[in-house]
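The chain contents come next:
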Amino acid sequence: MPRAIWSGSVSFGLVNVPVKLVTATSPKDVRFHQLHDADGGRINQKRVCSVDGEEVDYGHIVKGYDLGGGRYVVIDPEELRTIDPESTRTIDIEEFVDLVDIDPIYFEHSYYLVPDERAAKPYALLVEAMAGTGKVALGRFVLRTKQYLATLRAKDGVLVLSTMLYPDEVVEAAELDVPSAESTRPSEKELTMARQLVESLSTQWDPSKWHDDYRERVLELIDRKAEGLEIAQVPEPAAAAPVVDLMAALEASLAAARAAKEGTGADDVGSERSPARRASA
Amino acid sequence: MSGAVAVDIGGRRLQLSNLDKVLWPDTGFTKGEMIDYYARIAEVMVPHLSGRPITLRRYPNGVEGTSFFEKNCPSHRPPWIPVAPTADRHGKTIGFCLLEEQAALVWTANLAAIELHPSLAQGASLERPTAVVFDLDPGPGADVVTCGRVALLLREVLDTLDLVSLVKTSGSKGLQLYVPLNSETSYDQTRPFSLALAQVLERAHPELVVTTQDRSVRPNRVLIDWSQNAAFKTTVAVYSLRARPRPTASTPVTWDEVERAVGGAGGETLVFDAAQVLARVAEHGDLMAPVLTLRQALPAFG
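For the record, the sequence lines run as chains A and B. Mapping to numbering that gives the first Met the number 0: the first sequence position 197 is 196, numbers consecutive. Mapping to numbering that gives the first Met the number 0: the second sequence position 84 is 83, numbers consecutive.
If you are wondering where the hints come from, they were derived from the structure by calculation, not from laboratory data. One or more of the hints may lead you astray.
[As the list claims (entries may be wrong)] The calculated EDC-like cross-link candidates involving lysine to aspartate or glutamate, where the alpha carbons are at most 16 Å apart (straight line), are:
1. B:K70 / A:E219
2. B:K20 / A:E250
3. A:K27 / A:E226
4. B:K20 / A:D56
5. A:K134 / A:E171
6. B:K70 / A:E215
[Said to hold, decoys possible] Per label pair, the in silico range of CB-to-CB distance:
7. B:S226 / A:E250: 40 to 48 Å
8. B:G284 / A:A247: 26 to 34 Å
9. A:E171 / B:R12: 51 to 59 Å
10. B:W79 / A:E171: 48 to 56 Å
11. B:R12 / A:A225: 17 to 25 Å
[Claimed, not checked] Some chain A residues flagged as far from chain B (calculated, every beta-carbon gap over 10 Å):
12. Q146
13. R216
14. D222
Note that beta-carbon positions come from the ideal geometry of N, C-alpha and C, so glycine has one too.
Construct all of the structure, not just a fragment, from the sequences and the given hints.
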């Protein structure tokens, strides 16, 4: 199971359910490391103090808030915790809303809430009560240094928590410079055709059908390059490179391999080549 | 000549690379030599691969490096390599490579696919194997000669059932015995048949034969692995090279050769490297050819 990133409890009416928050998603990017092009050395990042030029280790790094003019207020994480100790440990369910009413733009990250050992029963009650209602619970809690609005819903017998963006964190469509439907009024015929197209492409949502083709191609490219193959060989390459007969292409390589073996007397594969050559004649 | 070189094989264009790379460090056998072998063996090998989903086992850094099985045909394949979309047991589609010509074997060899593992079934239906296979795998203390003794016992039983069988080396440590079918037979028939035969031999020769994968009961004995008679299982292709210290290949042998090896000639007489395999083919042709054409039906049980 993934590591818990927060622990506390869900508070719902008179029920208090101790839970842990674990991440529910693991995006799969291809990760690259930074290397020095001259010698292939890995690039290290050092945290260096701008005053004395010395490297500083994590134990001596504190958080400062910029007041402007080179002035900072240093804040200790302990001090943050004292502001509202309750909200850092509790997800208080305040109301329930219909899931379909929430525009997906508000969803930020998804996590699973897993019950503490002793909380299996009230947890199951909460899951059971919410399952199939189409409703999500709304609550607030503090994660790291931010108070989040969060939705909780039951999915496959577990609670999924999604952190939500506040309205002022979402860019309003009105701020964009997009011509309105009024000014570009499409004809009834065009609309009908477009709607038919939507209809004909409509299907059931099936996430298993989708995967990252691009990532697969990147991994294939890495695979080929790791093997020492030339990369510039995608479909029809090398217009300039002369195309030769296979045996002509192999000739020099085979001769070199034979010479290497005879030179070292490594084994007898070389001397057995003559019947092999007849074999293809 | 470590760069890429463009070649033309019967009208097919390919880029070959790293021909001088040594894939078998013990013998200095290079990728160029492997490509040469597959190009020369293609004439007898392709008929055994044709129409069958192929799993590639690739060794980018040679036989001593890591390897991976590749079931999905790489998407950077040339357009003339056909793909067989096949639903696996979870319903997910795997697009296996189909290797239908010499140039295709040159292409897989260039990918450092040392080993080719075809399905026992051919064509659209993965459920219809064209042969029954018994994979004889020696445990510690046993060797290819022990496998030869078991193969001769197995042939004896098959003979009494009027079934012709052929045998090849695995190219590694064991032997593989094939019963051609080329008839309307499904794994539902070949599995119980192969299991029953294996168990008959296990009971008659408990000191020599085991039928379970349990390694602890295998010392000095030979596993008759009947479980390869299943969709999605593969057996190494005849004439495929193997990732062994020497560039040995899975080689068809005659029953006389098996008898001579068991009778005292020894296990080394059943080991053939790339050059020896090509020489044997030049002399005997394809000893496995009957596997492709001989029509036989399994006896009905029950």
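Now for the hints, and whether the structure bears them out:
1. Pair hint K70 of chain B plus E219 of chain A holds up; C-alpha atoms about 14 Å apart against a cutoff of 16 Å.
2. Proximity of K20 of chain B to E250 of chain A is assessed by CA-CA distance (about 15 Å); at most 16 Å being required, the pair is judged to hold.
3. Between K27 of chain A and E226 of chain A the alpha-carbon distance is near 23 Å, which puts this suggested pair outside the 16 Å criterion.
4. Note on K20 of chain B and D56 of chain A: the hinted pairing is violated, with a Cα-Cα distance of about 46 Å set against a maximum of 16 Å.
5. For the hint linking K134 of chain A to E171 of chain A, the alpha-carbon distance of about 26 Å lies beyond 16 Å, and the restraint is violated.
6. The hinted pair formed by K70 of chain B and E215 of chain A meets the criterion: a straight-line CA distance of about 14 Å does not exceed 16 Å.
7. With their beta carbons about 45 Å apart, S226 of chain B and E250 of chain A fall inside the hinted range of 40 to 48 Å.
8. Checking the proposed 26 to 34 Å range against G284 of chain B and A247 of chain A shows it holds: the Cβ atoms sit about 27 Å from each other.
9. Here the CB-CB span from E171 of chain A to R12 of chain B is close to 55 Å, well matched to the stated 51 to 59 Å.
10. The hinted range of 48 to 56 Å is satisfied by W79 of chain B and E171 of chain A, whose Cβ atoms lie roughly 54 Å apart.
11. A hinted range of 17 to 25 Å for the beta carbons of R12 of chain B and A225 of chain A is consistent with their spacing of about 24 Å.
12. No Cβ of chain B approaches the Cβ of Q146 of chain A within 10 Å, the least distance being about 43 Å, so the stated non-interface status holds.
13. Against the 10 Å criterion, R216 of chain A falls within the reach of chain B, whose nearest CB is about 7 Å from its own CB.
14. With a closest Cβ-Cβ approach of about 8 Å to chain B, D222 of chain A is found to fall inside the 10 Å limit, against its non-interface label.
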